[in-house]
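In the order they appear, the protein sequences are chains A and B. If you're matching positions, the first sequence starts at 14 in my numbering and goes up one per residue. If you're matching positions, the second sequence starts at 14 in my numbering and goes up one per residue.
Bear in mind the hints are in silico, worked out from the structure with no lab data behind them. Remember, predicted model here, so these are calculated numbers, not experimental data. Backbone N, C-alpha and C define an ideal beta-carbon position, used for all residues, glycine too. All the given hints hold, so there is nothing to weed out.
Which chain B residues face chain A? A few, computed with CB under 7 Å, are given here:
| no. | residue |
| --- | --- |
| 1 | Val256 |
| 2 | Arg257 |
| 3 | Pro280 |
| 4 | Thr302 |
| 5 | Ala324 |
Residues from chain A shown here face chain B by an in silico Cβ test under 10 Å; the list is partial:
| no. | residue |
| --- | --- |
| 6 | Leu31 |
| 7 | Ala32 |
| 8 | Asp67 |
| 9 | Glu156 |
| 10 | Ala196 |
| 11 | Thr231 |
| 12 | Ser286 |
| 13 | Glu325 |
| 14 | Arg329 |
| 15 | Arg338 |
| 16 | Val345 |
| 17 | Arg356 |
Taking CB as the label site, the calculated pair distances span:
| no. | chain 1 | residue 1 | chain 2 | residue 2 | range |
| --- | --- | --- | --- | --- | --- |
| 18 | A | Glu110 | B | Ala268 | 32 to 38 Å |
| 19 | B | Glu110 | A | Glu110 | 39 to 45 Å |
| 20 | B | Glu110 | A | Arg380 | 37 to 43 Å |
Number of protein chains: 2
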Amino acid sequence: MTAPDDRDRLARVALNRLAEPGDLRVLRLVREVGAPALVDLLREQRDGRGVHTDVAERLHGLDPERELADAADLGIRFVCPGDTEWPAQLDALDRCEPLDRQGGAPVGLWVRGPLDLAAATARAVAVVGSRSATTYGADVAGELGHDLAQAGVTVVSGAAFGIDAAAHRGCLAGDGPTVAVLACGADRAYPAGHRSLLDHLAATALVVSEVPPGAAPTRNRFLTRNRLIAALSLGTVVVEAAVRSGALNTATWTARLGRVLMGVPGPVTSAPSEGVHELIRCREGLLVTRAAHVLELVGAVGDDLAPVPRAEQTLRDRLPAVQRRVLEAVPVVRAAGVDSIARTGGLSVTATSRALEALLAAGAVERRADTWRLAAPMAGRDDPPP
Amino acid sequence: MTAPDDRDRLARVALNRLAEPGDLRVLRLVREVGAPALVDLLREQRDGRGVHTDVAERLHGLDPERELADAADLGIRFVCPGDTEWPAQLDALDRCEPLDRQGGAPVGLWVRGPLDLAAATARAVAVVGSRSATTYGADVAGELGHDLAQAGVTVVSGAAFGIDAAAHRGCLAGDGPTVAVLACGADRAYPAGHRSLLDHLAATALVVSEVPPGAAPTRNRFLTRNRLIAALSLGTVVVEAAVRSGALNTATWTARLGRVLMGVPGPVTSAPSEGVHELIRCREGLLVTRAAHVLELVGAVGDDLAPVPRAEQTLRDRLPAVQRRVLEAVPVVRAAGVDSIARTGGLSVTATSRALEALLAAGAVERRADTWRLAAPMAGRDDPPP
Numbered sequence: 014m015t016a017p018d019d020r021d022r023l024a025r026v027a028l029n030r031l032a033e034p035g036d037l038r039v040l041r042l043v044r045e046v047g048a049p050a051l052v053d054l055l056r057e058q059r060d061g062r063g064v065h066t067d068v069a070e071r072l073h074g075l076d077p078e079r080e081l082a083d084a085a086d087l088g089i090r091f092v093c094p095g096d097t098e099w100p101a102q103l104d105a106l107d108r109c110e111p112l113d114r115q116g117g118a119p120v121g122l123w124v125r126g127p128l129d130l131a132a133a134t135a136r137a138v139a140v141v142g143s144r145s146a147t148t149y150g151a152d153v154a155g156e157l158g159h160d161l162a163q164a165g166v167t168v169v170s171g172a173a174f175g176i177d178a179a180a181h182r183g184c185l186a187g188d189g190p191t192v193a194v195l196a197c198g199a200d201r202a203y204p205a206g207h208r209s210l211l212d213h214l215a216a217t218a219l220v221v222s223e224v225p226p227g228a229a230p231t232r233n234r235f236l237t238r239n240r241l242i243a244a245l246s247l248g249t250v251v252v253e254a255a256v257r258s259g260a261l262n263t264a265t266w267t268a269r270l271g272r273v274l275m276g277v278p279g280p281v282t283s284a285p286s287e288g289v290h291e292l293i294r295c296r297e298g299l300l301v302t303r304a305a306h307v308l309e310l311v312g313a314v315g316d317d318l319a320p321v322p323r324a325e326q327t328l329r330d331r332l333p334a335v336q337r338r339v340l341e342a343v344p345v346v347r348a349a350g351v352d353s354i355a356r357t358g359g360l361s362v363t364a365t366s367r368a369l370e371a372l373l374a375a376g377a378v379e380r381r382a383d384t385w386r387l388a389a390p391m392a393g394r395d396d397p398p399p
Numbered sequence: 014m015t016a017p018d019d020r021d022r023l024a025r026v027a028l029n030r031l032a033e034p035g036d037l038r039v040l041r042l043v044r045e046v047g048a049p050a051l052v053d054l055l056r057e058q059r060d061g062r063g064v065h066t067d068v069a070e071r072l073h074g075l076d077p078e079r080e081l082a083d084a085a086d087l088g089i090r091f092v093c094p095g096d097t098e099w100p101a102q103l104d105a106l107d108r109c110e111p112l113d114r115q116g117g118a119p120v121g122l123w124v125r126g127p128l129d130l131a132a133a134t135a136r137a138v139a140v141v142g143s144r145s146a147t148t149y150g151a152d153v154a155g156e157l158g159h160d161l162a163q164a165g166v167t168v169v170s171g172a173a174f175g176i177d178a179a180a181h182r183g184c185l186a187g188d189g190p191t192v193a194v195l196a197c198g199a200d201r202a203y204p205a206g207h208r209s210l211l212d213h214l215a216a217t218a219l220v221v222s223e224v225p226p227g228a229a230p231t232r233n234r235f236l237t238r239n240r241l242i243a244a245l246s247l248g249t250v251v252v253e254a255a256v257r258s259g260a261l262n263t264a265t266w267t268a269r270l271g272r273v274l275m276g277v278p279g280p281v282t283s284a285p286s287e288g289v290h291e292l293i294r295c296r297e298g299l300l301v302t303r304a305a306h307v308l309e310l311v312g313a314v315g316d317d318l319a320p321v322p323r324a325e326q327t328l329r330d331r332l333p334a335v336q337r338r339v340l341e342a343v344p345v346v347r348a349a350g351v352d353s354i355a356r357t358g359g360l361s362v363t364a365t366s367r368a369l370e371a372l373l374a375a376g377a378v379e380r381r382a383d384t385w386r387l388a389a390p391m392a393g394r395d396d397p398p399p
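I would like the entire structure built from these sequences, with the hints used as guidance.
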């Protein structure tokens, strides 16, 4: 796509002002005829009585150049398709089934902050979840944000209370870039308690919104905002989400976009984990417990494979086969004679005696008169069964 | 299969005494030539110098009738294929790939307790897990055992400390039958601290073992015991299992048998949940959080569907479409005029005004002079986004 000329950019600003986020009627027409032609069409629209429609009236009243200048005064720029900073992955929204009759790639985004939006989201993962998070959920989200940052992954989230904020903060602590996508103007703080967090993100990273500066958050803007969080990212991790959490809306967008949907489990007794468990149970989402699992799923095939957790090698693992077989035949509780152990192990008495002597030297068994039993450390291990 | 005659039963007792559990050489020969013929063959076996082999000597020294009588004195019977009490699902072990070169359906089982083993395990689920369980894990296992019992499902487990014991006890509390499968003789208590639990199970339910009365538990007997827990059950639920837990051995048997493998998640910060998470993450096991999920998976297709957890219907859900659309356009924080709300909602000012009046009556919005905002209970909800 070529860089947008001024006419295209100004038309997009006008349409952005005019239409609500995710308004498919407008977004589809932009794709079909282009933004400037659509603005011209709308500007001349008349109703049955021949007077300008409400939309046409509003368009006449708009001054996109002024909008851009006012936004610039707030440190906010308008990024649209064709700009080098435009994240191409958003275009997938145009090929994605709508949700509640909304969807589509936005005509542009209002961006506040020093980073390049395309570069910052070239390898990004969304970490979202409940605003009524538990300390467990917030801890996990923070650690995830931190570890993803350390792995060079940008964390995208919604700057809400709870999981979102923990993920942003974790990412900052990991010296990574993090992108907050808001449902209100990029100059506003919602929730108000996150004013300093948002200012910090705007000063060091990015705050992004589909709605113009000054716009208020509405329920609909939260829902259409969620599609941007999903579409900017290679995948979405849901950390905690009750059965009816907004985070599950982001999860639905992620699945629709064919991006990787992931969930972090928690105690089954915790309501904020119930929505996540349901995602995993119904095999819509994949279980992850740490950043390494996320990286494995969003990374290139074969790269970024998460190490499989392994218990430490035990003495038993290091024994030669015959000694291990004899050791397995030594009773856990009562001591037994060589004959009995040989029978249980299916080995000759000679081989069994030799192995028992070696096991005695290794501290794995104890001898008492003519009987043998497991040494305390071998018998006392809890898992696996002795 | 016809009922075993005395010769067959006594031959099986002899072979049970002679061979370790899961010894495929013996079990395959029993299938090929039958137990009595195998005993005759082994009894005459001679080594290179023409003297009876060790095995032949041991067979000559055995008195199966006496074994049965001694077991009966301990309240233990020998159940073998052809008995009405024989659980046919164990025969699947003969068609199942060995694990560590062991496997196969046992030649018989030593059974202690008043229930019929086949009837008690006709609809059974294994609940297993770590011996070093957390209180969380034990609570979940107990509740699972209780709820499965209440649903008429028998809980099979290994009577170990931790998850096993909690599952047995939960099942008892739910007035259900529960079956303990031991790695030692059915007369013995391992762990010793579970003497009273095991005696209670033997008095009211069932204690089962592949090894004869008096036999000591060995590591190998734990591992081969696990195949019986898996094979007796329609599926296995792993509640907590560290990365190297014996419960994962039961999980492997479950998968090999093609039975349903399930896992209960927990905090990702909890080591005893790590093995379970790995099972789910690698899609070997299915996530379950409650008995209803287990019943759905092991039940008949279409029956026993678990209810999908739903949040309560809210006022918003019950509103007519236009009112809901207007409500969604009302800002969360600042109040807005009818014009602005109509524009955001994409509706006429008249329709918007009418809807706002209705929403006011329903308590969903507040009017202040000529502006409207969400009523506190609508704005204050945490999830989903307002």
